[in-house]
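Respectively, the protein sequence lines represent chains A and B.
Each residue of the first sequence is one higher than the last, beginning at 1 in our numbering.
Each residue of the second sequence is one higher than the last, beginning at 1 in our numbering.
Hints listed in this document are in silico derivations from the structure and should not be mistaken for laboratory results.
It is possible that part of the hints are untrue.
Unchecked claim - Computed cross-link-like contacts, DSBU-like style, restricted to lysine-lysine with a CA-CA straight-line distance of at most 35 Å:
1. Lys-58/B x Lys-349/B
2. Lys-174/B x Lys-57/A
3. Lys-58/B x Lys-57/A
4. Lys-12/A x Lys-541/B
To be verified - Which residues of chain B face chain A? A few of them, derived with a C-beta cut under 10 Å, are:
5. Leu-44
6. Gln-46
7. Tyr-80
8. Ser-81
9. Glu-147
10. Ile-150
11. Asp-207
12. Arg-275
13. Thr-306
14. Trp-312
15. Val-318
16. Tyr-394
17. Met-395
18. Phe-400
19. Thr-634
20. Pro-635
A virtual CB, placed ideally from N, CA and C, is assigned to each residue, including glycine.
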Amino acid sequence: MASSVPLSTLTKGTSAVVASYPKSGGGFLRLREMGVLPGTPVTLIRVAPMGDPIEIKVRGYHLTLRKSEAEHVLVEVS
Amino acid sequence: MSSLRSVELPAAARRAAGARSPTYALVGNPNCGKSTLFNALTGLKQKVGNYPGVTVEKKVGTAYTQHGQPLTLIDLPGAYSLAARSPDEAVTRDVLLGRRADTAMPDRILCIVDATNLERNLYLVHQILDLGRPVILVLNMMDLAAEQGITIRANRLEHALGIPVIACEAVNGKGIIELKLAMSRPDLPLSRHAWEVPAAIAPAVADLQASLIANDGKTPLSARAEALLLLTDNDEVRVTGSAQLHPRTAEILHGWQRRWAGESTDWSAALVQSRYEAIARLAAEVVHRAGQATTTLTDRIDAIVTHPVWGWLTFGAVMALLFYSIFTLAQPPMDWIEHGTEQLGDWLKQSLPPGDLTNLASDGVVAGVGAVVGFMPQILILFFFIGLLESTGYMARAAFIMDRLMSRVGLNGKSFIPLLSSYACAIPGIMATRTIEDPKDRLATILVAPLMSCSARLPVYLLMIAAMVPNDRVPLAFKVGLMLFMYFVGTAGAFVFAWLFKRTLLKGAPPLMIMELPPYRLPRAKDVLLQMTERAGIFLKKAGTIILGISIILWALSTYPKSPASATPVQQIEHSFAGRAGHILEPVIKPLGFDWRVGIGLISSFAARESFVSATAVVFNVENVDGGKKGDVTPLRRAMRDARWPDGRALFTPLVCLSLMLFYVFAMQCMSTVAVVKRETNTWRWPLFQIFYMTGTAWVVSFIVYQAGTALGF
């Protein structure tokens, strides 16, 4: 049973599939251009030592984003 | 708009030009090996400059085909997308679209992609194929892809896209010959790749395309590509020197954007989605992954360097090494340069007939050149480290772990290294801000960097602490504590002002910290060294000339008008423009506890802050003070303790020394920094602002401390 949670709440090592985005501002457009699209699988790799930003793996590469950004991206954990 | 038309050649003319010697633009994502490929293709035949009006590096080189025919190659800044989000990306977009008058639109495009990360890299390629220009695709790092079990069938990709696809390993030169052969082909096919623009968007694209053809003089193909881009590019990063859209086209664009804003579907997102769908279909056809992804070396290194404990230790060690190198390794060559400059000046004085011209040559020109060259060791060392940190991939990790801290004052993790370097010298620190993509974060970092106490303030602090402490019975810890306090005050000031600027002057939507953590790679010494010398060369050429000019002006100020030959150095300097300025300045600085003689010291500091020590020595008629660095400051200290106001009060009371030190913490007194800020911001506005806000703060802080201290009876 899939449930939608913000990307920022994933625990280390959890994989999920991007479900939905806010209607895009400039920054979220760039996140899409980096390949993070609805339907894309992502894995939370780690959280920075001070608790922010987070590191995710998407399409085989590593990307960081701040929690304040990641909380707008909803993902489905299977 | 006629300039646009002149670069947008009709296809036939372009083919004719191509037959002679086509110009290539090299385009790719950051970290895909673009610089390495550029160096491999051009060797040392490259020229580095700047795009006029923006601080984005412009690299142009010449590659030779197998038949010795020269090809011009422009290395465009790394970009993830043509929908630019930084000045770097905006330059790449504008050159490719022929929007820049300073750079002719390239005839052909060389797209380089990282084979280990094909899908995301192909996004930019996908946008570029729309431009309707001949493209060669370079699949770089095929060896690393193979190691990860990724096989890419280059011939299938070539067939699907209809353009030459060359597998390559730029690091060891594999595939370069094949690439050069492709580059020297007289005619290159245009891509036949087709993808579906969402139906709902098609009218907007057609509308804009028509206006771009009619009003902006574009060809149909590039107009379609630009229309697609404009509809996605809602961030609108603009750079100076690029042509604006025709008002009619802009109006149509805004009309569609307004319309879309009211709809529930995000159409620019839909465009991205359909590109990625097309890329996924391509990838399914050409990429083959063997087995499961295993833990890579990068994963293992990252487990350590971003670890809550080991990560900080690694970071601390790297930063300590960087800081230590700038501070100490640079010292011997800086001493040699200083010594050499002095000797050259003395030699000139002895071998030329005495006179103003000789003085100009020895004290103005040679001293000025010495000041410029004196920065080189620190700049070279810092740029060597930055090049190393960038090309290995550690730079992104440093930004990753520092981001939380820097974000508290509105900056991002990338501001840390420039600020740290500024403890040694603000000049390399400010030049290092080029690694910060966001223009506002970069400017905020530049504005506060000179508040970090640099090594030139050290002699001033040392002298003041020596003059302040009445005898040597005061514990050393007190002196050290006072010194550290000055560093602390400067650092705190930098963070407070950064916070303030980001909330007022440089306000805007907070930039997203979307950053790639590239795989660790072993850098090539050649690439790092080349980058280091190129950046240092830019400093010499651009900032160096301004510094030299100001040196000569400062020399003239302390030399003219001339005193009679019998005058002592004290009388000469008092009589000079600088001395008079000191007197004029006195009413302004008296509330801080300074007299005109301190005023002369403050003016001399504009050459370099440590000049305060030598200027003070001249004013108080003390000989043999060797810049206060290794020389004995005892005679100067004694003279300063004996210094009196006309009414007999002591001049350098402990309170005045404290006030003066705090003035040095905050004041913008370094002409070289002014020159570099002008250079890096492309306007006199920001360096002037910096002089005003820093020196203003210095005055206010010193005023409060001196007046409050006096009132309290110190």
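Cross-check of the supplied hints:
no., hint, verdict
1, Lys-58/B x Lys-349/B, "violated, 42 Å"
2, Lys-174/B x Lys-57/A, "holds, 30 Å"
3, Lys-58/B x Lys-57/A, "holds, 33 Å"
4, Lys-12/A x Lys-541/B, "violated, 49 Å"
5, Leu-44, "violated, 32 Å"
6, Gln-46, "violated, 29 Å"
7, Tyr-80, "holds, 6 Å"
8, Ser-81, "holds, 5 Å"
9, Glu-147, "violated, 13 Å"
10, Ile-150, "holds, 8 Å"
11, Asp-207, "violated, 21 Å"
12, Arg-275, "holds, 9 Å"
13, Thr-306, "holds, 6 Å"
14, Trp-312, "holds, 6 Å"
15, Val-318, "violated, 15 Å"
16, Tyr-394, "violated, 14 Å"
17, Met-395, "violated, 13 Å"
18, Phe-400, "holds, 5 Å"
19, Thr-634, "violated, 47 Å"
20, Pro-635, "violated, 50 Å"
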